[in-house]
Every structure is written in structure tokens, then in C-alpha cells.
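So you can see what is in the structure, the chains are spelled out below.
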Amino acid sequence: MMTRRGVPGPRGPGHGGPGVAGTRAAPAEGEQRLGPAAVRTSGLSRRYGKVTALTDCTVTVPEGRICALIGPNGAGKTTLLRLLAGLAGPTAGQATVNGTTPRQDPAFLADIGFLAQEIPLYRRLSAEDHIRAGGHLNARWDAASVKQRLHALNVPLDRAVGRLSGGQRAQVALALTLAKQPRLLLLDEPVAALDPLARRNFLGLLADAVAAGGLTVVLSSHLVADLERVCDHLIMLASSRVQLCGDIEELLAEHQMLVGPRKDTTAIERLHQVVQVTRTPRQTTMLVRLNGPVIDPAFQASDVGLEELVLGYMGQDAPSALAHLTATGDDQ
Amino acid sequence: MTWLVWRQHRIQFGLGAALLAAFAVLIVITGVQVANQYHAAQAACAAGEGCRQLGGLFMGSRVVGFLVISTLGAPALVGLFWGAPLLAAEFEAGTTQFAWMQSVTRRRWLAVKVGWMLLAAAVWGGVISILVTWWSGPNNAEQLDAFHPGRFDIMGLVPVAYSVFAMALGIAAGALLRRTLPAIAVTLAGFITVRALIALLLRPHYMSAVTVTYNVLVGYTPPGSYWRLAQGVLGPNGQPINQNTNGNVVNGIPVSYLPASCNGPARGAYKLPPSCSQALAHFHGFLTYQPAGRYWAFQGIETGIFLALAAALLALTAVVVLRRDV
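Residue numbers (the numbering used here), protein chains in the order written: chain A, 1 to 332; chain B, 1001 to 1326.
Think of the hints as simulated: they come from the structure by calculation, not from any bench. Backbone N, C-alpha and C define an ideal beta-carbon position, used for all residues, glycine too. A portion of the hints provided could be inaccurate.
[What the hints assert, rightly or not] The calculated label-pair distances, taken between Cβ atoms and stated as ranges, are:
no. : chain 1 : residue 1 : chain 2 : residue 2 : range
1   : B       : G1137     : A       : S165      : 24 to 34 angstroms
2   : A       : R159      : B       : V1028     : 57 to 67 angstroms
3   : A       : L157      : B       : G1094     : 15 to 25 angstroms
4   : B       : W1134     : A       : V51       : 54 to 64 angstroms
5   : A       : D105      : B       : Q1143     : 40 to 50 angstroms
6   : B       : G1094     : A       : S239      : 21 to 31 angstroms
7   : A       : D105      : B       : G1094     : 14 to 24 angstroms
8   : A       : R159      : B       : R1062     : 44 to 54 angstroms
9   : A       : R163      : B       : R1324     : 26 to 36 angstroms
10  : A       : G292      : B       : V1320     : 52 to 62 angstroms
[Claimed, not checked] If you want the ones that stay clear, here's a sample from chain A, every Cβ over 10 angstroms from chain B, calculated:
no. : residue
11  : H130
12  : L157
13  : L164
14  : A173
[What the hints assert, rightly or not] Stretch by stretch, here's where chain A covers chain B in the computed footprint (C-beta under 8 angstroms, at least three residues):
no. : stretch
15  : 1004-1016
16  : 1104-1115
Just need the whole structure built from these sequences, with the hints factored in.
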């Protein structure tokens, strides 16, 4: 009955959401969702010794999307990105990226841009050196755009990157990743080191690049407000499992916040999936995944934002709140 | 990829080349002096002006002589300072994630990096060996010790193999440990251990040694730069004689094994009494050695062993780097 963790996260594209969400989906969007997938995984798992980093991950990211990868620390975000980039191999399941299994092959690598959280650059080499190295290591390489971009950002090209500021280093690494002109860009916490203005600029640049076509982005971050502005797709991980995956607009439409008096909520639980419950002596607040319209007049329904949705699924106290719910529910 | 290897390691390459050049200048200058002295002494000897000068020839300066001996450790340097950090530093800084996400496979990345480093190691060992071998020419001709442990190891082919092995050991340690300092420590310990074990335990047995017995009154010296493994004296019953004694020794035999007539009070008397000579005839000297003619065979065998070890270490490196996640 308490199936919070049992939410079938991967609602693949094309399945649509039942109930109100399905009826609200525009036809044009439906067509877009049926397009080819840049990323498709099924049952993807990865263990490191006894530690399970990713379990049974089944997600799809259609081409041309900017997909937010959200989850608490240690949820498996980095592992998923590394599996997609081919830097690590899965212990079970499979991934299909740009139509092929991630592998050591120049053609596959040419279409993937990956930027690790650590912003790996050769500290003693300058940005200029990195640009030249990229030219030697890639068949497709847009050196001019990197230089232009770093010039505009006032990042010195001739200084060893070890002596640049953290933000400048991140800008160099991001510019280099874009210079490959990949079809799929995998970014692990790329904006963490940037100031708010640089962050906004970078995300704007990403949005423009995706709008220009031929690019899909998967981007992990803790900054939900930033993601909300540019992302149109969401993968949410917690405790190494997928909690949610799908079009952000549809996910938001499928969820509602119900506020009502503190009373028996079993009727709502029977109909809908309760994600999170907060009780005060006077009222009950619930985040629910709808399976149809809410007919109980005692509850006021309101739309949710990405942040509320994410926090609802992420909330570490959610299980205990549910336990509390069942205990008091039996009393009444 | 080659460009990146060059750009990453050009300071190391430059430093290595500068060290080799400085060493070469020193060796050539002193080597010419040594050769001139040697030829002058040889000419004097041939002209009958006395050959004592030849034996006591001052072979170069003491400092250069020490430097030449210390090239024993030169192969280890490339393993410690080039090999160990090659992969470990990349893993440590996470830069493999930059290199491996360009359109270059790990296999090629590894092959090019390791390939250039092995070439550099071979050049390093080769140049040092050529210089040392040339410099030691007169010394070898006079001392006939080229086959001896410590001299064998700094001349000919083996320094090249040692350098390649040290490089491979450093690279493998770096790939396995992924941290530079532990990799350097393991490389140093591993290099010394393997070199010592092979030189002490294996090398004497590459080919079965030759043993000759000889008359202690005449003595025996094999021709050329042979390698003496064991030498001693057997008593009348064939039992080995303990030659370590504080007392007097006659032809290598302590007087306690000999009749009293051998222990003459007159230290200056060169002529042994007949009874003593007769007693000495029952003793036999023996010499176990590797003949000088086997020098290059031994060089070849030792080179082969170290190159094979290097190949095994590189295969291990490839498995670790290509199979394992970053």
C-alpha cells in the first residue's frame, strides 16, 4: 500500500501519463516524444565491490532535449553519466547512446562530450595547449569557437590552467567539451564552480546550442532553480534507483500538492500515489502522483514546481512520515 | 597523441637530454685523456722503457671514475621519475578523463604514451652504455674485469634492457597503484630487488661454469676477461682447505696444513725446501669461472630476461588500464 519507493520511475516516452496529464499533452509534443532517443538504458546496474552505485536504471532521453539529472549526493548520478560515456562498464543491463553501446571506438567517442565534476585538465598546460591537443586528438574540432568564447570571457589562453581561478578553469573545460561538437553532451555538475552570471550565460549557451539542433544534453546539478530554466526533461535518482524519468512539463502536470484538514487520507492513497506527506495538528499536506482527478472537496489541489517535486521525492524523512501516517490513520 | 605526449613531458625529455649531454662531455674529455695516457704507456712498454707504468696507470679522475661506477643506478632513474608518474599522475589528477573523452581510444592513448617512454628509456640506457663502454676500454684491457659483477652491469647491451625494464616497472606500478609517490617507492624497491636477485642468483648459472684444477706451485689464470666464481685449494684427500688464517701461507696454503719445513723462519728465503715442495704437490688448486668468450652470450641472455620481464609488466599494464574503470 505504501508504494512510495515502488513508483515505476521509468515511464518511457510514448506511454504518456494516465489521467489529467495525458489529456493535457499537446499533439505536437507527443510527436516529439516519439522521436529517436539519444540515450536509452534498460536495467543498467553498476556495483563497486559491495557498494551498489546504480540499480536497474531504465531511462530514455529523446534527442534534442536538455535533461536534468537530479538526486542527492551518492544517488548514482556520476555513475550513470560515466556509464553513458563509456568510462565505466555496467555490471548488468545495457545502455544505448547515439544508437550504439558505449565503447572504445573513435567514432563513438567523437559524438560524446563528457565533462567530469573534477574538471580534469592538465594543470601545467595552458588553455592554448589544451586547444591544440584537442585538435590533434579529434577529427572534428572547432578551435576557433573555443578561443572566441574564452576571449569573450576574459580567460587568458596562455596561462597554465592550474593558475586560473576555479571558474575560469571550468569555463576552459566547458569550452573544450563543446569544441568537440558532440551529439550528446554529458555534464557532471558543470556550473558548480561558476558565479551566478556565468552560470546563466553558460546555460543560455547550452539552450542555444540545443535549439540549433543535433545536440542532446544530460546535465547533473543540485541547483534546481538553474535547471528549471533550461531543462525540459528529468531523470531523478535516489539511493541508486530511478525515481522519476520523463518530460518535465508532463511530470509536473501529473503531480499535485493537496492541502486539507487533518483527517483520514486512505481514500486518496487508494486512488493516487502519495509521494510525501507532511502533517501538522491542523492540516495535512501531500504531494501526490495523480491517477485521475481529485474529487475529495476537503482537499485543495495546487500545481507543483520542479523544486517541490524534486524535494518531495528526495525528502529523506518521507518514509518516516509515511509510517507516522499509517499509525495515526489506524487510530482514527 | 604524440603531440600531447611531447607537450606533457617536454621538460622531462629536455632535462634527460641535458643530463646525457653533460655526462657525454665529461666522459669524452676524460676518456680522451685516459686513452692518450694508455697508449703512451703501451708505447713505452713496447719500447722497453718499463711496463710498470701500465699497471699503475691513473685511469681518469677519481670523480669521473666514481660517476662511471654510479651509472649502475642510471636505469632506475627513468623508472622512478618518468615511468612511475606516467600513468599515476594522470589518474591522480583525473586527467585520464580528459584524454579518454577525446576521439582517441584508450588503447591508442596507452600505446603512444608507453611507446615513446620506452624509446626514451632505451636511448637513455644506450647512450650511457656507449659512453661508459668506450671510456672503460683501456681499463678493461688492463684490468680484465669487464665480466665482473658491477662492471658487466654498466657496459654493453644490459643497461638498455635495465632502463626499459625500469620504465616498464614504473609504468606498471603507476597503473596499479594510481598514486605517484607509492608507485615511485615500489619501483625503487622492485628494481633493486629484481636486479640483485638476477645478478646474484641467476647470472652465474646462465651457462654451466668451467672448473679447472691446477698445480698450486704453477697457478692458473684463464685468458682474457673471465669471471671468477670460486677459487680454492683441495687437500691431499680432496677436502677443501680453509684459506682464511692469520698465520703464514705458502702458495695459498696455510702452513698449518704443511710440514714444519715449509714454515721456515727466514721470510726472505724464496727457495722452498724439497720436502715442502713434495708436500705441496699433493694439494690442487681449483678455479670455477665463466670464460671471457661467453661475455656477449651472457649480455644477450641478461638482456633477454629483462626485456621479457618488461614485456610482462607492460601486458599487465595494458590489462589494468584497458579493462578497469577510471
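For each hint, the structure was consulted:
A hinted range of 24 to 34 angstroms for the beta carbons of G1137 of chain B and S165 of chain A is inconsistent with their spacing of about 59 angstroms. A hinted range of 57 to 67 angstroms is violated for the C-beta pair R159 of chain A and V1028 of chain B, which are about 41 angstroms apart. Checked against the hint of 15 to 25 angstroms, the pair L157 of chain A and G1094 of chain B passes, with Cβ atoms roughly 22 angstroms apart. Between W1134 of chain B and V51 of chain A the CB atoms are about 59 angstroms apart, so this pair conforms to the stated range of 54 to 64 angstroms.
For D105 of chain A and Q1143 of chain B, the hinted distance range of 40 to 50 angstroms is not satisfied, since their beta carbons lie about 59 angstroms from each other. For the pair G1094 of chain B and S239 of chain A, the beta carbons lie near 26 angstroms from each other, so the given range of 21 to 31 angstroms is met. Judged by the Cβ atoms, the range 14 to 24 angstroms given for D105 of chain A and G1094 of chain B holds: they are separated by roughly 23 angstroms. Taken as a hint, the range 44 to 54 angstroms holds for the pair R159 of chain A and R1062 of chain B, whose Cβ atoms sit roughly 48 angstroms apart.
A beta carbon spacing of about 32 angstroms between R163 of chain A and R1324 of chain B agrees with the range 26 to 36 angstroms that was offered as a hint. Here the CB-CB span from G292 of chain A to V1320 of chain B is close to 56 angstroms, well matched to the stated 52 to 62 angstroms. Not every CB of chain B is more than 10 angstroms from the CB of H130 of chain A (nearest about 8 angstroms), against its label as outside the interface. Under the 10 angstroms C-beta cut-off, the non-interface status given to L157 of chain A relative to chain B holds; the minimum distance is some 15 angstroms.
The Cβ of L164 of chain A sits about 15 angstroms from the closest Cβ of chain B, beyond the 10 angstroms cut-off, so the non-interface label holds. Against the 10 angstroms criterion, A173 of chain A falls within the reach of chain B, whose nearest CB is about 8 angstroms from its own CB. Chain A is given as covering the stretch 1004-1016 of chain B, and this holds because 3 residues of the stretch bring a CB closer than 8 angstroms to a CB of that chain, at least three being needed. Requiring three or more residues with a Cβ within less than 8 angstroms of a Cβ of chain A, the coverage given for the stretch 1104-1115 of chain B holds, as 4 such residues are present.
Hint violations for this structure: numbers 1, 2, 5, 11 and 14, all remaining hints satisfied.
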